Structures are given as C-alpha cells and as structure tokens.
Amino acid sequence: KVKNVPIGDSMVLGNPDAPVTIIKWTDFQWPYCAKSVRLIDDILDMHPNDVKVVIKNYPLNFHKQAKDAAKVALAANKQKICGPSKNESCYKDMYHLIFCGTTEKVAVNECNAWRKLKTNPDLPYEYAAELGLDIVKLKQDAKDPALDALIKKENLELSNNFERKSVPKFLVAGREPKGRDLTTFSNMIKAKLAELKK
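In short: position in the sequence shown from 1, add 549, done, that's our numbering.
The set of hints was computed from the structure by calculation and includes no laboratory data. Model, not experiment: these values are computed from the prediction. Even glycine gets a Cβ: it sits at the ideal position worked out from N, Cα and C. Don't take each hint at face value.
Derived lysine-lysine pairs resembling DSS-like cross-links, with alpha carbons at most 25 Å apart [unchecked claim]:
hint, residue 1, residue 2
1, Lys746, Lys601
2, Lys667, Lys714
3, Lys702, Lys601
4, Lys667, Lys746
5, Lys702, Lys552
6, Lys613, Lys688
7, Lys552, Lys601
8, Lys613, Lys718
9, Lys550, Lys627
10, Lys702, Lys692
11, Lys613, Lys741
12, Lys741, Lys552
13, Lys613, Lys692
14, Lys552, Lys739
15, Lys584, Lys718
16, Lys686, Lys627
17, Lys613, Lys686
18, Lys667, Lys688
19, Lys741, Lys601
20, Lys601, Lys584
21, Lys654, Lys627
22, Lys613, Lys667
23, Lys550, Lys739
24, Lys601, Lys747
Listed next, with one range per pair, are the computed distances between beta-carbon atoms [claimed, not checked]:
hint, residue 1, residue 2, range
25, Glu712, Lys746, 45 to 51 Å
26, Leu705, Lys746, 30 to 36 Å
27, Asp558, Lys747, 30 to 36 Å
28, Ile556, Glu712, 18 to 24 Å
29, Asn669, Pro597, 30 to 36 Å
30, Leu609, Asn661, 29 to 35 Å
31, Ile556, Lys692, 20 to 26 Å
32, Glu675, Lys746, 43 to 49 Å
33, Lys746, Ile556, 21 to 27 Å
34, Tyr581, Glu675, 21 to 27 Å
35, Lys550, Asn661, 31 to 37 Å
36, Glu744, Met595, 17 to 23 Å
Make the full structure from the sequences, and use the hints.
Next comes the structure, spelled out in structure tokens:
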C-alpha cells in the first residue's frame, strides 16, 4: 500500500527536485536512528540526482533532550552559511553533528555523539558554535512556536500512517521497506524510477 505523506515544511536532504522521495522519521536520542544516518548518506551518494530524503521528527517522550535537539537543528535552517555545507541549509550539518559528532561520513558503530545529549542538553549549541552560527539568533529561532507545531504535525503523520509507532520509520516512494539496508532501499528506488519512465 502506498502512503501519501506530504513533505510540508519538513527538512529535505539531497536534491529537492529529485523524482523519488524517502521519508525518515527520527529521534536524536535513539541508537537505531543514529545507525541509519550512514544508510541515508550512502543512498544520497548512490542516487544524487534521483533521491531526496525528507527528515521528520518523532521525539520519544522518554528522551528528554530529543525534542529540543530537533528544534535547534530546525532553527539552524534559518542560517544559510555554515560549516562544510557552505551556502546550503545548516540543518544538514547539525543533523550529522548531533547524531555523529562530525559532518564527515562515519561507520555505523562510530555514530555515537547523540549519547552525550543525556548529560549535556546544550550539546547542539556547542556544535552550532563550531559551525559559526549566530547562537543568539539560533536560541531565539529555536523558541519559535512554529517549530513545536511542525514537530507535532510530523508526529501525527507517523501515528496516523503506521500501527507500529517506532523510529526510525521509513517510506521509500510511499512504501515501507522490508529491510533497513542499502540493497533493499536501492532496489526500491530503481523500481520507482523504472515505473516513472513508463
């Protein structure tokens, strides 16, 4: 069954005009979400023109810093020049830093920076400073009620479309993949591209 979940105001990684959309719901304090960071990086490297990845937030209630970390990462999107992603949205860099502690591609088991959030809720701001963001503006933007509304909407989109409320949750061209591996995702992308060419 194909699920039609709108991109809305959610963050997009990769080519925004790409024909195939992957949606990922995530929580910045969940190990399984961190493990999928590399998968998404590899997919975007393998299909740079054909795939965009939409990141939606589903911070679990028992992860006390996950929602605030999500809001800081979203607020970073208001500042357009920072770190390695010069002239791109700063969200991409913050997403990688909060999860993995680096903007470089790392092995699945090396993506561990998210663990520090539990004892250091200010970690996203420390990374933002490393990227050269305006911290005063960032703190102000992170308090924007629109970010709370966006996260609430993204939560509902997962809750309304899936019986099992868990993250990471993926849709590849509207379908839930049976596995979380590069081959499964790539085969689904290729099948969708072939379908679009008909």
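Status of each hint after checking the structure:
The suggested pairing of lysine 746 with lysine 601 holds, with an alpha-carbon distance near 18 Å, which does not exceed 25 Å. Taken as a hint, the lysine 667 and lysine 714 pair is honoured in the structure, with Cα atoms around 22 Å apart against an allowance of 25 Å. Between lysine 702 and lysine 601 the CA atoms are separated by roughly 20 Å; this keeps the pair inside 25 Å, and the hint holds. With a C-alpha separation of about 47 Å, the suggested pair lysine 667 and lysine 746 falls outside the 25 Å cut-off, and the hint is violated.
Taking the CA atoms of lysine 702 and lysine 552, the gap is near 16 Å; set against the 25 Å cutoff, the hint holds. Note on lysine 613 and lysine 688: the hinted pairing holds, with a Cα-Cα distance of about 18 Å set against a maximum of 25 Å. The suggested pairing of lysine 552 with lysine 601 holds, with an alpha-carbon distance near 17 Å, which does not exceed 25 Å. About 20 Å separates the Cα atoms of lysine 613 and lysine 718, which keeps this hinted pair within 25 Å; it holds.
Of the pairs offered as hints, the one joining lysine 550 and lysine 627 is violated, with about 36 Å between alpha carbons and a cut-off of 25 Å exceeded. Taking the CA atoms of lysine 702 and lysine 692, the gap is near 17 Å; set against the 25 Å cutoff, the hint holds. A distance of roughly 38 Å separates the Cα atoms of lysine 613 and lysine 741; the hinted pair therefore is violated under the 25 Å criterion. For the hint linking lysine 741 to lysine 552, the alpha-carbon distance of about 14 Å falls within 25 Å, and the restraint holds.
With a C-alpha separation of about 16 Å, the suggested pairing of lysine 613 with lysine 692 holds against the 25 Å cut-off. With a C-alpha separation of about 18 Å, the suggested pairing of lysine 552 with lysine 739 holds against the 25 Å cut-off. With a CA separation close to 12 Å, the supplied pair lysine 584 and lysine 718 stays within the 25 Å bound. At most 25 Å may separate the alpha-carbon atoms for a hinted pair to count; lysine 686 and lysine 627 meet this at roughly 9 Å.
Distance restraint check for lysine 613 and lysine 686: the Cα-Cα separation of roughly 23 Å lies within the 25 Å cut-off, and the hinted pair is therefore satisfied. Taking the CA atoms of lysine 667 and lysine 688, the gap is near 19 Å; set against the 25 Å cutoff, the hint holds. Between lysine 741 and lysine 601 the alpha-carbon distance is near 13 Å, which keeps this suggested pair within the 25 Å criterion. Our distance criterion of 25 Å between C-alpha atoms is met by lysine 601 and lysine 584, whose separation comes to about 19 Å.
The straight-line distance between the Cα atoms of lysine 654 and lysine 627 is roughly 24 Å, inside the 25 Å bound, and the hint therefore holds. A threshold of 25 Å between alpha carbons decides the hint, and for lysine 613 with lysine 667 the separation of about 8 Å falls inside it, so the pair holds. The straight-line distance between the Cα atoms of lysine 550 and lysine 739 is roughly 18 Å, inside the 25 Å bound, and the hint therefore holds. Proximity of lysine 601 to lysine 747 is assessed by CA-CA distance (about 21 Å); at most 25 Å being required, the pair is judged to hold.
Between glutamate 712 and lysine 746 the beta carbon distance is about 33 Å. The supplied range of 45 to 51 Å is therefore violated. Look at leucine 705 against lysine 746: about 34 Å separates their beta carbons, and that is inside 30 to 36 Å. For aspartate 558 paired with lysine 747, a C-beta distance near 32 Å keeps the hint of 30 to 36 Å intact. The hinted window of 18 to 24 Å between isoleucine 556 and glutamate 712 holds, with their beta carbons roughly 23 Å apart.
Range check, asparagine 669 to proline 597: Cβ separation about 34 Å, and the 30 to 36 Å hint holds. One distance hint, 29 to 35 Å for the beta-carbon pair leucine 609 and asparagine 661, is violated here, with the actual separation near 18 Å. Restraint check, isoleucine 556 to lysine 692: a C-beta distance of roughly 24 Å satisfies the suggested window 20 to 26 Å. In this structure, glutamate 675 and lysine 746 meet the distance hint of 43 to 49 Å, their C-beta atoms being roughly 46 Å apart.
For lysine 746 and isoleucine 556, the Cβ-Cβ distance of about 22 Å falls inside the hinted range of 21 to 27 Å, so the restraint holds. The hinted window of 21 to 27 Å between tyrosine 581 and glutamate 675 holds, with their beta carbons roughly 24 Å apart. Taking 31 to 37 Å as the suggested C-beta distance range, the pair lysine 550 and asparagine 661 conforms, at roughly 36 Å. Evaluation of the 17 to 23 Å hint for glutamate 744 and methionine 595 yields a pass: the beta carbon distance comes to about 18 Å.
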